[in-house]
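With mature numbering (1 follows the signal peptide of the UniProt record, and there is no 0) as the guide, the letters of the sequence shown map in order to residues -21 to -1, 1 to 373.
These aren't lab readings, by the way, just hints derived from the structure by calculation.
Certain hints may be false.
Quick list of simulated restraints, FRET-style, between CB atoms [to be verified]:
| id | residue 1 | residue 2 | range |
| --- | --- | --- | --- |
| 1 | 156 | 207 | 26 to 32 Å |
| 2 | 55 | 373 | 29 to 35 Å |
| 3 | 19 | 278 | 20 to 26 Å |
DSS-like cross-link-like pairs, simulated, lysine-lysine; straight-line CA separation at most 27 Å [as the list claims (entries may be wrong)]:
| id | residue 1 | residue 2 |
| --- | --- | --- |
| 4 | 372 | 344 |
| 5 | 372 | 157 |
| 6 | 153 | 237 |
| 7 | 282 | 157 |
Ideal Cβ placement from N, Cα and C applies to all residues, glycine included.
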Amino acid sequence: MKKSRLRFIAPIAVVTALVLAGCSTSNLGGTAEADPAAEAGPIKIGAVLDVTGVGASLGVPEQNTLNMLAKQLNDDGGIGGRDVELIIIDNQSTEDGAAKATSKLIESDQVDIIIGASRTGPSLAMRPIAEAAKIPMISVAANVAIVEGSEWVFKTAQNDVVVLERILDDAEAKGYTKLALVRDATGFGEGVADYITELGAERGITLVTTEAFEPSATDFTPQMTNVRGSDADAVIIWGINPSAGLAQKAYMQLAVNKPVYHSHGISNQAFFDAAGESANGVIAPMGRLLVADQLAADNTQRKVIEQFQADYNAAYGEQPSGFAGHAFDAWHIAVNAIDAAGTDADALRDELESAEWTGISGVFKMTAKNHSGLDASALILAEAEDGRWNLLKD
């Protein structure tokens, strides 16, 4: 396994750009010849995050994490003696904003690698721009479509498919044969019903009804009324907060009275803030960050997680979320690759395809055919109780 830079991390100059700027894409046809002077200047890492808008509960802790790690790295001497300049752009939780931000980072800022976006839709909007420009990109979002067939795009959030595998395995073990799905209507929820149908067929499970909601929704009465009237044995609510937490609250208020699963999109405090006591009993697959104190002492991720928690708490006075963990992993995978291969785009992409990293979201092993590097072993099952997550199954 490649050397991991644990006490890391980046720029003497950290630049956070929170105002979007439009730019042309006239130069997105290929990689320019290397400028020897640029090799002596700062290494530039760009990030496109949902800092404001419906994805803010993801993007803000991701922004915090990258800023913290960048400062740590530069304080530690940067990469090969070169400072790292971090440029963060807020996409305002929109696909158009993400596309414009990506073009700006490539054309105007001339970054060496891009991290982002926080959610699937914006990440999918960024992908063709990064691919055309031949610039490595590491998304921190979940949908496997972000990296399917990609050459230049990687990701660190656990794939939606492996999340569903953990849910369906548990449902099968408990004898549930009919499921209802209430899903986010954006890219995060796209394809989930199809995956449940396909994976469920192997387990004797069918999907009997599907309801959708916008991530900005606050009223879930129609969806939960329909689910309550279905013959489903259990329900999957698939979304991010605050909407996922509000959906759970409506689920309880309308007395659906069926066991309920959520996706890993709720792995933060915002879920408990929105759902309140309605969260009790929810089961969700997620990374190990939120149950770190319940892991075995010899767990390979535990020390990494506990160090990250201590650093983040010292910097921001609170505990990091699972989404902060996705950014942590993206940063280290990027920095380790630059440390090993330099900033030549082709060499950097090749290095990313062999990246190995024990991080927050799991133990990564990237390959040319697998640009996410994680399987179902990256997830545990946890149950919500009194404002915290309890480990059910590792």
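Q. Given the hint that residue 372 pairs with residue 344, does the C-alpha gap stay at or below 27 Å?
A. It holds: about 23 Å lies between the C-alpha atoms, which stays within 27 Å.
(Q) Is 26 to 32 Å respected by the C-beta to C-beta distance linking residue 156 and residue 207? (A) The hint (26 to 32 Å, Cβ to Cβ) is violated, given that residue 156 and residue 207 are roughly 18 Å apart.
Q: Given the range 29 to 35 Å, decide if the beta-carbon distance of residue 55 to residue 373 lies inside it.
A: holds (33 Å)
Q. If you check the beta carbons of residue 19 and residue 278, does the distance land in 20 to 26 Å?
A. violated (42 Å)
Q. CA of residue 282 to CA of residue 157, is that 27 Å or under?
A. Answer violated: residue 282 to residue 157 is near 40 Å, above 27 Å.
Q: With a cut-off of 27 Å on the C-alpha distance, tell me whether residue 153 and residue 237 pass.
A: holds (13 Å)
Q | Distance restraint between residue 372 and residue 157, which requires alpha-carbon spacing of 27 Å or less | A | The given pair, whose Cα atoms are some 22 Å apart, holds under the 27 Å limit.
Going through the hint list in order, the structure does not satisfy hints 1, 3, 7.
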